[in-house]
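**Student:** Assemble chain B onto chain A, guided by the hints.
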Amino acid sequence: MDQLIYAAEVFLNGLMTGVMYALVALGFVLIFKASGVFNYAQGVLALFAALTLVGIQQGQVPFAHLINAVLGTHIESFGWTVPAFLAVLLTALVMILLAFLIEKLVLQHLVGQEPIILFMATIGLAYFLEGLGDVMWGADIKRLDVGLPQGISDSIETVTDQWFGYGFFIDRLDIWATAIAALLVAALVAFSQFTKQGRAMRAVADDHQAALSVGISLRFIWVMVWSIAGFVALVAGIMWGTKSGVQFSLSLIALKALPVLMLGGFTSIPGAIVGGLIIGVGEKLFEFLIGPMIGGATENWFAYVLALIFLVFRPQGLFGERIIERV
Amino acid sequence: MLYREAGDFKTSYREDGQTFPIRLDRWGYYAILVVAFGIIPFVINDYWASAVLVPFLIYAIAALGLNILTGYGGQVSLGTGGFMAVGAYAVYKLMTAFPDVSIVIHILLAGGITAFVGMLFGLPSLRIKGFYLAVATLAAQFFLVWLFNKVPWFYNYSASGQINAPERTVLGWAVTGPATSASAKYMICLCFAFVLAWVARNLTRGTLGRKWMAIRDMDIAAEIIGVNPLTAKLSAFAISSFFVGIAGALLFSVYLGAAEVGEAFGINKSFLVLFMIIIGGLGSIFGSFAGAAFMVLLPVMLKNLLVGTMGWPTDLAAHIELMIVGTLIVFFLIVEPHGLARLWALTKEKLRLWPFPH
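Protein sequence lines correspond, in order, to chains A and B.
Each step along the first sequence adds one to the number in the working numbering, with nothing skipped, and position 172 is 172.
Each step along the second sequence adds one to the number in the working numbering, with nothing skipped, and position 25 is 352.
Keep in mind that the hints are not guaranteed to be accurate.
[Unchecked claim] Output of the computed footprint for chain B on chain A, the stretches with three or more beta carbons under 8 Å from beta carbons of chain B:
| id | region |
| --- | --- |
| 1 | 122-133 |
| 2 | 252-262 |
| 3 | 300-313 |
[Unchecked claim] Simulated restraints on C-beta separations:
| id | chain 1 | residue 1 | chain 2 | residue 2 | range |
| --- | --- | --- | --- | --- | --- |
| 4 | A | Asp207 | B | Val361 | 56 to 62 Å |
| 5 | B | Trp671 | A | Gln197 | 41 to 47 Å |
| 6 | B | Asp343 | A | Pro270 | 55 to 61 Å |
Hints in this document: simulated from the structure, not taken from any laboratory.
Every value quoted in this text rests on a predicted model; they were computed, and no experiment measured them.
C-beta: ideal position from N, C-alpha, C; glycine also.
Chain A with its partners taken away, still in its complex shape (with noise of 0.2 Å):
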């Protein structure tokens, strides 16, 4: 019985930790499906993203490490610090001048080729930005605080512990980052579904050149859709830099948004969402159960090899479009 709340408790928590996976795994999706770039610099962006709101919250003065070594100086810091709401919208801001940037100097040169050359050309731009945000801001781990209630959950705590006898933790921070991932979600379709725009971009992700003929702008929307996704990595990044700090291994989560998305399917939205939930639920359960029989520390490559296995039966992923085939 005990076994068994444990394991409830460890499904809890991977459903909250697979909705962080979702949010990432969203980017690649919406800019996927718009553009037919795999973007590996999602992950980078969200670290780029939170790097940006933390340096802009404290007033730290952009390059200041470059500034410092090249003018022998001694500067670090503005001496303001930013509100948290001024400073989301002000990193919003930069992540849109960034989607402008990455369409006009590489995307827009790159129209027309294989698709893996636009993947390696986003691994290169995951590069610069991972550079970039090293440079601006500084390297060493940040803390990232807007405001997000963090800790236990104390009425979930005693409320279990009333029916079970056993108090679950849950961070509050998680079921916060869930309720959010949620609205984000359901913006998003809304978007898609009601909106000028979105019914544009939807054009656009089923075919370039019929939307081209009726009229779409190509370059607005791909602008558009870089921005959204910089928003979600934006959102990601406050998620995850909340929890664990601002540190390299924050674009590394990228790397894990790609089980779920070959779960899920490369183009469904609620693809991305479910496949967030399982790789989240299946690696804390996998890890709780057997993890402890051959060794541990199992969560570094079980998303990857249930998604292996789950593709050689069903290529397309859960929710994606059937690969057709033509000579």
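**Tutor:** Only chain B this time, still in chain A's reference frame:
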């Protein structure tokens, strides 16, 4: 005026099919071999061996391997680091279990073991392709690193979890261990790189290579004209992993001497080798070498420039280096998606027409 095929008559099919059809190219190739085998071993010092030449040769082998799989076979792999780890741990186990057998045989066997593992992880390629496969190979990367970290048998139950290369000799010269001279390290890597490049060149222009390229260009069409995708894909995985395994074995035993799996063979290694073949050129033997040289030299030069000349702090230089590498990758993809090898080929074309281009 020298760079012409005019006057260079071929009298047999053999001559017609040679790798370097232009005489000057041939001479250049022989000259490089003479310098590489005859001069460099006598003048090499520790800095050049450990900073430039040895890593260049080892990564060139790895890049050759990945190029066979990705450039010729069209199967994108992000598991190179994991497969290099297989080579390293295989050679370590063999070296410690059979101390009397020559290390050359051990390295070759390690390549064979890696080939087997590579085939195993290549099996999904029969069902999935493109990005899906790339992500599937990540499973190999993470699983293998985890395995070598968690199962003590692989590192002989050593307390630190590291593997250390014991001292071994080839023809009386120490090639592993702390007493190894720079030229011995260089020579063993050079011999492997030379032989493997020769093998790769001849494999890729033979039946097997054509099968790989047919699969790469369009697998369904290839299947219809009679290429068996099972054997073609799995052989690409096996041979590629063989090369990568040897590179991993050399990297550990000759170059590093001691390795910890997560650090030496992490996901970054996979990307590094991938960048080498993108920048060098997909589907090109020369490109593998050019890309390896570029990616090995770039950090060394940037470090010398930024830290040595301009006196910037090391961490800042490292970040700038990341930015430059990223920019260069994007730049190369935009300007020349076929890499340095294509640039070189274009140069040669221009040279043949020079000075009368019309």
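**Student:** Has the region 122-133 of chain A got at least three residues whose CB is nearer than 8 Å to a CB belonging to chain B?
**Tutor:** With 10 residues in contact (Cβ-Cβ under 8 Å with chain B), the coverage given for the region 122-133 of chain A holds.
**Student:** Looking only at beta-carbon atoms, does the pair Asp343 (chain B), Pro270 (chain A) fall within the given range of 55 to 61 Å?
**Tutor:** 59 Å, holds
**Student:** Given a hint of 41 to 47 Å, does the C-beta separation of Trp671 (chain B) and Gln197 (chain A) actually sit inside it?
**Tutor:** 46 Å, holds
**Student:** Would you say the region 300-313 of chain A counts as covered by chain B, given the rule of at least 3 residues with C-beta under 8 Å?
**Tutor:** holds (count 8)
**Student:** If you check the beta carbons of Asp207 (chain A) and Val361 (chain B), does the distance land in 56 to 62 Å?
**Tutor:** 58 Å, holds
**Student:** So is the region 252-262 of chain A in contact with chain B by the C-beta rule, three or more residues under 8 Å, or is the coverage claim wrong?
**Tutor:** Contact hint for the region 252-262 of chain A vs chain B: holds, 5 residues under 8 Å.
The structure fails none of the hints (numbered hints given earlier).
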